[in-house]
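Undergrad: Please work from the sequences and hints to get the whole structure.
So the protein sequences, as listed, match chains B and V. Residue numbering for the first sequence follows the working numbering, starting at 1 and increasing by one per position. Residue numbering for the second sequence follows the working numbering, starting at 1 and increasing by one per position.
It is possible that part of the hints are untrue.
[As the list claims (entries may be wrong)] Derived lysine-lysine pairs resembling DSSO-like cross-links, with alpha carbons at most 30 Å apart: (1) B:LYS54 <-> B:LYS96; (2) B:LYS54 <-> V:LYS80; (3) B:LYS96 <-> V:LYS79.
Since the hints were made in silico from the structure, they are not lab data.
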Amino acid sequence: GIQVEQSPPDLILQEGANSTLRCNFSDSVNNLQWFHQNPWGQLINLFYIPSGTKQNGRLSATTVATERYSLLYISSSQTTDSGVYFCAVRIQGAQKLVFGQGTRLTINP
Amino acid sequence: SQTIHQWPATLVQPVGSPLSLECTVEGTSNPNLYWYRQAAGRGLQLLFYSVGIGQISSEVPQNLSASRPQDRQFILSSKKLLLSDSGFYLCAWSVSAGYGYTFGSGTRLTVV
Chain B
1 GIQVEQSPPD LILQEGANST LRCNFSDSVN NLQWFHQNPW GQLINLFYIP SGTKQNGRLS
61 ATTVATERYS LLYISSSQTT DSGVYFCAVR IQGAQKLVFG QGTRLTINP
Chain V
1 SQTIHQWPAT LVQPVGSPLS LECTVEGTSN PNLYWYRQAA GRGLQLLFYS VGIGQISSEV
61 PQNLSASRPQ DRQFILSSKK LLLSDSGFYL CAWSVSAGYG YTFGSGTRLT VV
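TA: Have a look at this one:
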């Protein structure tokens, strides 16, 4: 099956710093989403981005489908950005959304 | 707008007891519905999905079952819980498999 690898596994930053999270996948996909899991466990949908670039406030994401990777950018980090960030993908014809292992981001005040 | 509800939020159950977790979606019809489990660590694993009433597909053989008695209702069940069933259970929906998924707030199950 498709493999989804996220890097780095852990990231610790000071408030105000910028960060880039990466997601590599092993097959062509027609669905890619970035999620933020907050400390209470809820998965918040950040971006639906099978290709191209999107921005939402301090967050932006880029997916280069032909090269099988996606990047999530967080600028001017705030403590509320802490949590685990997941990339999840789905291949054509499949029902399953396959998750990476996540990047645990810790923003210190 | 569409919303997804999942309950209970937390549950502590003894080994061997039954389980019923419920998920409902509002504001849409004929959604695709999914049950995921997040065990210790980070990975999320798909357990079941459903593309219509009474249609259930299982991804991983285990001690659990799922049912979809109504269009927007998805239930996860077990007749006898095992310690290994502990984890964080998340329900999700999508318009169809080609669209984005939205997750419920999850149920944290501890089997003791």
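Undergrad: Now tell me, hint by hint, if it's right for this structure.
TA: Results of checking the hints against the structure:
1. B:LYS54 <-> B:LYS96: holds, 24 Å
2. B:LYS54 <-> V:LYS80: With a Cα-Cα distance of about 46 Å, the restraint between LYS54 of chain B and LYS80 of chain V is violated, given a limit of 30 Å.
3. B:LYS96 <-> V:LYS79: holds, 26 Å
Of the numbered hints stated above, the single one contradicted by the structure is hint 2.
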